[in-house]
Every structure is written in structure tokens, then in C-alpha cells.
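Protein chains: 2
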Amino acid sequence: MEVIQAPLKMQQRAEGWRRKGKVIAFVPTMGYFHEGHLSLMREGRRKGDILVVSIFVNPTQFAPGEDFERYPRDMERDLKMAEGVGADVVFAPEREDMYPPGFQTFVEVQEVTQHLCGLFRPGHFRGVTTVVAKLFNIVKPHIALFGQKDYQQLVTIRRMVKDLNMDVEIVGMPTVREEDGLAASSRNIYLSPQERERALSLYRSLLWAQEAFSRGERSGRRLMEGVREILQREGIREIDYVKVCDLETLEDIEGEIEGGALVALAAKVGKARLIDNIILKEGEVGKDHA
Amino acid sequence: MEVIQAPLKMQQRAEGWRRKGKVIAFVPTMGYFHEGHLSLMREGRRKGDILVVSIFVNPTQFAPGEDFERYPRDMERDLKMAEGVGADVVFAPEREDMYPPGFQTFVEVQEVTQHLCGLFRPGHFRGVTTVVAKLFNIVKPHIALFGQKDYQQLVTIRRMVKDLNMDVEIVGMPTVREEDGLAASSRNIYLSPQERERALSLYRSLLWAQEAFSRGERSGRRLMEGVREILQREGIREIDYVKVCDLETLEDIEGEIEGGALVALAAKVGKARLIDNIILKEGEVGKDHA
Chain A
19 MEVIQAPLKM
29 QQRAEGWRRK
39 GKVIAFVPTM
49 GYFHEGHLSL
59 MREGRRKGDI
69 LVVSIFVNPT
79 QFAPGEDFER
89 YPRDMERDLK
99 MAEGVGADVV
109 FAPEREDMYP
119 PGFQTFVEVQ
129 EVTQHLCGLF
139 RPGHFRGVTT
149 VVAKLFNIVK
159 PHIALFGQKD
169 YQQLVTIRRM
179 VKDLNMDVEI
189 VGMPTVREED
199 GLAASSRNIY
209 LSPQERERAL
219 SLYRSLLWAQ
229 EAFSRGERSG
239 RRLMEGVREI
249 LQREGIREID
259 YVKVCDLETL
269 EDIEGEIEGG
279 ALVALAAKVG
289 KARLIDNIIL
299 KEGEVGKDHA
Chain B
19 MEVIQAPLKM
29 QQRAEGWRRK
39 GKVIAFVPTM
49 GYFHEGHLSL
59 MREGRRKGDI
69 LVVSIFVNPT
79 QFAPGEDFER
89 YPRDMERDLK
99 MAEGVGADVV
109 FAPEREDMYP
119 PGFQTFVEVQ
129 EVTQHLCGLF
139 RPGHFRGVTT
149 VVAKLFNIVK
159 PHIALFGQKD
169 YQQLVTIRRM
179 VKDLNMDVEI
189 VGMPTVREED
199 GLAASSRNIY
209 LSPQERERAL
219 SLYRSLLWAQ
229 EAFSRGERSG
239 RRLMEGVREI
249 LQREGIREID
259 YVKVCDLETL
269 EDIEGEIEGG
279 ALVALAAKVG
289 KARLIDNIIL
299 KEGEVGKDHA
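Quick mapping for you: the protein sequence lines, in order, are chains A and B.
As numbered in the numbering used here, residues 19 to 308 make up the first sequence, in order.
As numbered in the numbering used here, residues 19 to 308 make up the second sequence, in order.
In case anyone wonders, no lab produced these hints; they're calculated from the structure.
Fair warning: this is a prediction, and the values are worked out from it, not measured in the lab.
Possibly wrong hints are sitting among the right ones.
Put simply, identical chains are the same to the list, so a pair is met inside one copy or across any two.
What the hints assert, rightly or not - Listed below are the simulated DSBU-like cross-link pairs for lysine-lysine, each with C-alpha atoms no more than 35 Å apart in a straight line:
1. 286 x 299
2. 180 x 40
3. 27 x 299
4. 180 x 27
Just need the whole structure built from these sequences, with the hints factored in.
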């Protein structure tokens, strides 16, 4: 496995592979790997001739006051894990490699970013789409893999790829959960044992929504309120949002759910801001209503 | 010569060429060709194995109230001229091909667009960078050619390419002038014979600045004022701007010019908004000061 820091070197390597007809699969990450990252890498390994993993804690996607400085990092461990799943290259640029002096260009998706986390993290998605556009130009992937845990990110990137005619297939992969049900996240490390116990109510509340949906509940508002009640009852006080929304536009569904919906939530538990979501789909969960 | 309308078909053709190791040269245009366009195409023909020319009057780079509707179009003539210089493909999408319903992603260069025309044409450069990013992803060029007449556009695109790590070489080509000195532009067709006569003072004023610079004048402010005086004396009343500015950042140079500078102007003559510019460089024009 090769570790590359310079964007230009990475780009030249990628162009060489493409010339030879190799299929490049790409997993962009901020490092501090967990099982979620590994599942993306394993799928990338299956789908591509070449697997590139990037590790870059992207400053432009952190709003002022967020956890950019203390975001967990462990390059040595990450490199071993990437090698363990068979990555060909880890691309690990430094901040100045990606944002040299004079940098001033941003990619912005305007509508799907105006919901959910977009309302609580100003500039976050602009930072995400900008760095992903850069990474796509550097790594030249045929396929790029993202986790559904960051559902809004996935929708935003799909939108960018479509709108800007990027020749990349975006693959969304199911959320990986730890044994207790907590969605795998690098930020889980911020949780004390007691906080972690409380954080489990996030997934429990989503399971409740899924079950209610499978029993025939179709009111977006009632599902939303039910999830919120569970969170409050279980001691989650700093709720950024609980939303039932359209799977593509992310617009609120207050009334009747038709076909499917996303239930998404974000809450602070101790120092950690955690997000989770579940997809409700007729015929998949509530088979009797298909 | 092939004419392609569908972005996906164009992209597949481009990917096929790249796989075979062909060098793709690209000239993006809004059509209604003049000698300026042809000079870009001829240079593209020399530099590439494949020459692609796009024709698309891009709505997102026109501000409300500008001349999008009446911008001159003549596809039949354009296709003959492109074929005449040996283009392999003309890519001519329709509006809905480039901006289908739900489109919401923009590329924005933030600083160099805050000068000159950027101040008078809100959203213009965002429209330019967005469509050029799209066209680059569709046509996959190794080399793309732009005219120096649109100097700010050239600087903005170079900045976007650098900032977003686009693997495209940007080639800037000298302004082509008609016999009387007027910079070639599709918008010159808006001019009556009398207006055209008046419009010649644009280039004359720039030639004065060049001469003054070669005689040793180094004050940005005095050059700017001299150009403005000439325009006013010659009956150009609607001056958007006359600027002497840095060749890279486009920031005003009021004091001493060091090395080089751009003299740029924009003015309305009748219904036409015309732009022109000249590059002042020590050692090139004023050899005695090198």
C-alpha cells in the first residue's frame, strides 16, 4: 500500500490507472476509522480494480466553534486498517496541500442543504461538496462510496454529481452499528459510559418509528412527535432536530407519508453531536401495506 | 464533424478518446462565431488530437435584464465555420440538457470576481464557472482555450481550475481585433455604423495607456484618468469602469505599477455593452525600462 500526500502525484497516479482501463473505487474519509469506514472500503475493494482511501480532516466543513481541533486522529492505526482491507493507496494530504494561500473557490448545493444539519452547521455542506469535488478531481474515481448514516451528505453529493455532470457513480452503504445499536461514528469516542448509555435512545427512538410505520402509522407529524417524546423521556435534552422528510428533497413531511420517508435526528450528548436516521419504505418494512 | 446534443453521449465519446490516449482540446463558446473564436479553434486544432467546440448560450451567466434573449445565434453558420477549421465535434446542448428541473449546484470563485465586471453583472461569473465546470466534466479536455479579451473570465477560470484541482491546462489567447481595431465580439452586431465609430475610442484609449506606460508613466491612477478622459472626450458616456489593476488578483493599482498591470474597461455604446483591455508589462512594451 502506498501513502501519497501530494495532490498532483495522486492525480498522476490516477490518470495512469485510467489509461490502463482500471476501475478506481474511492472512499473519502476524515480518518479515525471504525467499522462503518471498513464496510465502505470492503465494498470499494469488491467493486474496483484499484481502491483509494483518502484521510483528510477537512477544515472547511467545520463551522467556527465546532470540533475541528479536537476531532480524533490516529494516522498510524488508520494506515494499518486500510492496509488490512486491501487499499492500494491512502491519499493523506495536509491542509496546505488542499487549501494553499489564495484559495477562494467553493461548490455549493443550494436546496437539499437547507434542511436538517444544514440549518445547524452553517457552511458545513459547502465545505463537504467543495472538498469532495476536489478529491474527485484528484483521485478520478469511477465509483465513490459514502455511508447512509450521513444521509444528507449522501443526497447532497448525489445532487452535486448530477448537477455538475461528474462522471462518478455514487454508492450509498447502510449504516453500520455497534453491538448495542449505536451508529458507528468517530465522534462516539467523546462519550462517557453514562452518556453512551443515554445515546442508545437515539436508535431506539428510530426503531420505534419503524415499528409504528410498519403497523400502519403514516402521519409524518405523529412519527416525529413520537420520536421526540422518546428522546426527551430518556434524558436527551439538546435535540437539534427530529424530522420526517422526503428521501430526495429532504423537505418536511408533516402530513401523509407516501411511498417512503426518512426519519432523521441530531442531538448533543455530552460533548458529542450525534446524528442518526432510518429509512421508512412501504413494502420493505411494512410488508402488509405494500 | 459530429454534432452532439446529449451531455451523456458527449461524455462517453470523451471517455473513449481518453482511453485511447488521445489529447482533447476544447473551446467553449456561446456561438455566433467571429475571428476570436476561430483563433481559439485553430490553436486547439494544433494542440489536440481531438478538437471539441461547444455552443451554448448559457442562461445562468446573464443577469436579469441583460441580453440573454436577444444574444445573436446562427447555428447553421457556426457549424460550417467549426467544420472549416477542422473541429471533430460540436457539442450543442439545449437549456434543459444542461439545467434540468431540480438543478441547484453552483461553483463560485469568491475574490477575483469581486472586481471589474463582477461588480456590474451580479451572478455572471458564478454562471460562467458553473457552466465551465459542467462542460469540463462532460468534454473531459486536456486543454481548454479562452480569449484574453474576457480577461477576468480567464483569471477566474484559472483560479477555479487550480482551486478545485481540475486536470485541465488553460490556454489564454490574445484578443483578436477587427481591421479598425475594435475587439472581435459577438455583441458588435448590436452597433450602428455611428456607434461603431464611437466604439473605436475604447481601443484607442488603451493604446494611449500602452504608449504612456512605454514612455515611463507608472502611476495607476494617472493612466486610469487618462483613459477615462479619452473616452469621455470621444463621446462614450455610459462607462461602467476604467481600471488599472493587478494581473492576477485584479485589485486596483492606484499607486506605482511594478512589473505589470491590466488596463480594463467596460462601457455601453448604444445597446451593446463592450469590454476591452490591454496588458502592460515592463520589458515587453517599454523595453527601455526593463
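Worksheet item: Of the hints given before, which are not true for this structure?
Response: none
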